[in-house]
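K.L.:
Just so you know, the protein sequences line up as chains L and H, in that order. First residue of the first sequence: 1, per the numbering used here; consecutive thereafter. First residue of the second sequence: 1, per the numbering used here; consecutive thereafter.
No lab work stands behind these hints, which were simulated from the structure alone. All the given hints hold, so there is nothing to weed out.
What the simulated footprint calls covered on chain H by chain L, stretch by stretch (three residues with Cβ under 8 Å from a Cβ of chain L suffice, anywhere in the stretch; the number is not a length):
#1 6-19
#2 38-49
#3 380-387
#4 395-403
Selected chain H positions facing chain L (Cβ under 10 Å, derived; list incomplete):
#5 Ala53
#6 Gly54
#7 Gly57
#8 Val62
#9 Glu69
#10 Asp73
#11 Ile144
#12 Glu145
#13 Glu192
#14 Lys222
#15 Ala392
#16 Glu406
#17 Val451
Note that beta-carbon positions come from the ideal geometry of N, C-alpha and C, so glycine has one too.
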Amino acid sequence: MPIASTLKVLIVDDQNSVRQMTRITLEELGIKQIHEAEDGKVAFATATVQPIDLIISDFNMPEMDGLMLLRAVRGHAALRKLPFILLTGRGDRELLVKAAQAGVNNYLVKPFTTPILREKIEQVLGKLT
Amino acid sequence: MSSFEQLKHRFFDECSDLLQQLENGLTDIRESGASDDAVNAVFRAVHSIKGGAGIFGFDALVRFAHVFETVLDEIRSHRMDITPDNIDTLLTAGDVLSDLVAMSRAGETPTSEYGHECRTALEALMGDGEGEGGGAAGEDFADIEFTPVKFGDDEEADGSQTYEISFRPRPELLKKANEPLFILRELRALGELELTADVSRLPALAEIEFDHPYLAWSGKLKTQATQEKVAGVFDFVVDDCELSIVNVTPAGDTLPSDNFTPLPDNELPMVAAPEATIAAAPMPAAETVMASKPVPAAEAKAPPQKVAATTTRVVLEKIDRVVNMVGELVIAQAMLGQIVQDLPETVSGRLLQTLEEVVHHTRELKDSVMSMRAQPVGAVFQRMPRLVGELATKTSKKVRLEMAGENTEVDRSIVEQLADPLTHIIRNSVDHGIETPDVRAAAGKHEEGTVRLAAEHRGGRIVIQIKDDGAGINPDRVLKKARERGLVGPDATLTDDEITNLVFMPGFSTAEAVSDISGRGVGMDVVKRNIQDIGGRISLKSERGKGMTIQLALPLTLAVMDGMVIRVGKETYVVPMSAMVECLRPARSDIHDLVGTQGMLRLRGELLPIVNLGNLLEVSSTEGDNGGVVIITEAGDDIRFGLRVDELCGHQQVVIKSIEESYGSIPGISAATILGNGRVAFILDTEKLYELAAVQAPAAMNNARLENTAAAAKS
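Okay, chain H solo, but in the shape it has when bound (with noise of 0.2 Å):
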């Protein structure tokens, strides 16, 4: 569906609410008379209903409502009473502008005389001949003078650069296993592409050879990335291609006008279907067959009959009761291909076939349903300039609010599950990060702090990052009260990062003076609560007198997961596949024993501390302390660890089954699944069991980090 029939489904459902409105206010006025509340639902509704049939195109329903509302607003402006006698005309107005929304969301074009007794009704009600002309867009205001402005020069350039790309591959490049498709979507994921395909060289049908490119593509990119980084997209087919990459930014105001598309009144660009270009009979020499972003197509001269295809309105249980359904399809589904393993072969291998289909459909099931449930953060970003504002108020401080990524799609679950922290996190950058103006002046900083709340997709998680141009954190301050409260030894000697990740310890409370708005108790601890318990990690990073960053990484999903099912000893867990980096058998020698640890793997220069599960879990492990496999696996930023465990079992969508209600947290643990045998297994929570395994043996980690920073710092 394009995005233009999308917004015509939005206004309609938009009409079903504006013509409720309509009606009860209707109702309202005939029952206890014309109150100016009423009457400007009333007025309001029918407008609201004409602006959008304007944009989209109804001209009878326009027409109608025109009349309609221009008697509303004699009502309104009190130049007209309401009476029993045009009360009744009024109804009928509402039925039939409602008949006429029926009529143009069914696609049907209503006939001029639809409606017109009750127009004529309505302009004698009027007295003159007014309400004729719909919309009156042509006419002119000219005589009416509006405030000039003058665009200042402080309007900073975003250093976007236009390049002239053309790329034509030899037939090596397909020889090699290249696909032109994946490399054309990766220049598109840089900016916005606008591409012409070369079909000239396409020969007959019959004389196809399906290994040699025959096409070619040439056009403009316009990105923010250096031409090094467009340049890197074809790093590995730069010898079997013809390719040239110019800048063609223009300088100042020379720049030529085609880079927009000014489109004829009401008419919409159709872009053309890329499969239609080839298949097309006689083959124009170029046709445009991808553009960055999806242009509306045409509406008017689609069937009617096509477009009734409408969005409904779902109560959110009932999509809750399918994600459950998908689950418990999963679990179905891996249930049967258990049984199906212990058959005999010459009975499973059809079944096998058969059974990956339904692996297939089930994971394209859950997307679909995921979809559905899927709301972009912006909801939760939407009350952000506000909490802001106020606050920059109550503080007498000069705070900026940008936002990006508002679009990025999560849970619904998820984004619910935001608000709380993302405000609490806000309210500490504008209460405690951000300094006061004259503060801010005196370190040289401009008197407006910002703070820059931002959102997007990485890595199969959805990354929101807040950061200010604050204080950040003092951690001298930090250590001292850490101290105070016991929380650290009086002789620990801790790195600036560590003491700064004091803050997320519980009952911790950095603000000095417990202040109206922040400092209520509640700290970066309960924070760090709420994002784990929906499977995110936060992290924190603070430059004295710069700033402080904290970075949320979340699951898109609470129901399902994509995990990796391991065996230690006679236990089932499983790792999520988000948490894993890579699987290995290390050989004995390039594991080293350090007093302390449980062994360090020595892994392409990198020394990484080993945790055998087993041990960790008081599990008793049947390969022993130097068998099995180590799954190299992401604790956090920057923490990398081996995982000892004794088997891989199979990767699978699993099920996620909390398990906090009923038992509380358990460390290292974030909930479980059932498996396909019926068992029931944990999902391991690796973040956890890093801290647990550094509490047994914190020398074998600090020394990772130190040897680590140290063969970062060589490399």
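Isolated chain L (complex conformation) (with noise of 0.2 Å):
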């Protein structure tokens, strides 16, 4: 059961008000420590070196996007388990079947709510104390 002060969380977002709107509901949520990644490239070399519990990622981004990151993590013999929430601005059905298939533990419709983002943390997590 994971502890939410101690959950490491990487946010990746190429914009910033999303990520510092991400930042804020996961506060609320009690995570406090939070690491941000404004593309794919930046992201998956911070979790290469960086304790990372969960990452959650936008996919629409610059150069390497949500799911190019998803299978680079899921590529890497370290970060293969990580949790992963992919971020979507619209509920697209073919791209969360594609992530699906790569191994994402879960995905999130912009704009959610603080209860959504706790309810889609707990059911990739378990619940969070």
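If you follow the hints, you should be able to join the two separate chains into one complex; please do so.
P.N.:
This is the structure:
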């Protein structure tokens, strides 16, 4: 059972305002250790050296998008099992099927509320304490 | 401004960029056809605007962007071609989107007819009626199977405890000049604090006695601090209040769920303003007056006119000019102060009062400008994960980078100048510090090495610590190398600490083999120089086999600082306030003469060497070798000494003027400033002064260290 205050979450989004908003929402859940990355490349580099428990990544980003990041993470020996929630701007079925095949653990449609974020995280990690 | 509002402004700033990209992309497409790149750029821009708009609740914007995006997606996936006909529709859609953004920014709610024509045109492009329904947030994808995660038990607790605190001050508390607010603030610094004020004892306004504490507080503190530490906050008032601190940390999963505050959809809670609480006529029994972090205030209910305040991007040079002007203002104000002081008292009285106000405002002005220039150190930290990752791969090591305090703010000029030293230190840590996995395993360590990078504010400075759990520095090797290079005499005896610090000497490089990564002939001496150039200090601690810690202490700004103006003979100097511990006029009996020293001062059981500033800088003192004032000064970690000067002239803000470019580096002097009387004064570099004195009288300095170690061991 994950403890919110020790959970290390990496937010990946190219939009600063969305990252900050996601950060605030995570903080409402008691999550304190929050890292940010502005694209897939930085996120991947960060995840390889920083202990991270959960990635919440946007799909639509320049260069390396969320799906590419997911595949890179799943292809990395140490990060293979890292919980991954994909953020999408719209409920794109095709994308979600692709993401599910690539091993995404859950998805989140923007905009989301604190309870929904909590629900999705708990679906992936188990009840937050 | 609430953080929510700030974020909204940030979103609109991003929108400006995105709209620009949108326009460029569309222009590109019109002029040179629909390249994949251009279409993607346009799609991304619209998509991002939609995403943000959804989060911030601009529904009209979302609805329009959604239709626009759907059309672009069709084009992007080659299901639709760009024709001269529809490119015009897209351009119009771009304009409408831009208008909608502008309206949302101004707080206006666009009517549903707005852009209707354009929307219909877009929908017509797609043929069918797709595009209704906006964000599709409600759509369910329950049939798609996502990979389940089993969360291991390896999650370590952070030792965080929850205390239930109740604090009810008695009248004695205020009478002894204690202030509950400060105590609560101190409490808040320990962790997450959620307090409720009990205002039930508050009488009618006419009956309020100013020195009677009517309020009491109770609530929860979530912190990593021990109960003793939490209780320690109340140390001075414990007899004058009713206090209870109970550890209510839940064991295991029996945590009460009210630790979280789930919010109803799309609604953000209001924080009750403390003033309002007390002023409100029908007084509620209790009201939340303080939360450890600001909760974003509800936005939707605010009148739209108030939303218009926005952030502005300003060219850096303009801010720099303001910083310079503030500097000049500080000087002019000091001059004014000087003149007023020379006036007869009958005239100067009122002037002084006004002047004091000017001083106050100048200081605030300076702080505001400095905060504009402040930047989180995260900007530099962000580059490090990649560096560590690349280095680890290159050296076949396993390295983990931990970072903390990325949000610590410091002047941007310092952030900029931190990049090189930090890169160098981290490079060193990974390349030389952390061992290869098999060596680590053999030494009984975890295969994966850790480098920790942390920043924090401490005593008016920013302290950055780089700590690794590698092999540390090998003193034997360092000493051998130092002897080879002639940096130390063959029979000098040095402590391990002193040996470790030899790595800062010019021309010293510890790497036995020059590696591709670190051994570029640029050593720690350059790092030290870099740090000193921005007024910082660097210190190093190494434990063989266990790792190494390098600590950088940097000033928060490079432009203005608090200084003590002092006089020796006819010369005036400035000592940075940050280096001063205390000032005193020692009794003759407290000064012990020791051969080869300028005297040792006994201060509360500690022996501190005294350095006569006059002798050191070759200025003849007016007070003689035993008169004047002694300033207890800090020079780096754990080193203190007494600096003897003739007179303290006063504390003031001084503008730092670099002299290095014109005169090169002068030992003992870090910069210059202009004083109120228009004269130039040097700002002293206490650490360098100490080193200079140590060269002149090494015995005294060494003795001081030995004596103090002994004293410390005894106490």
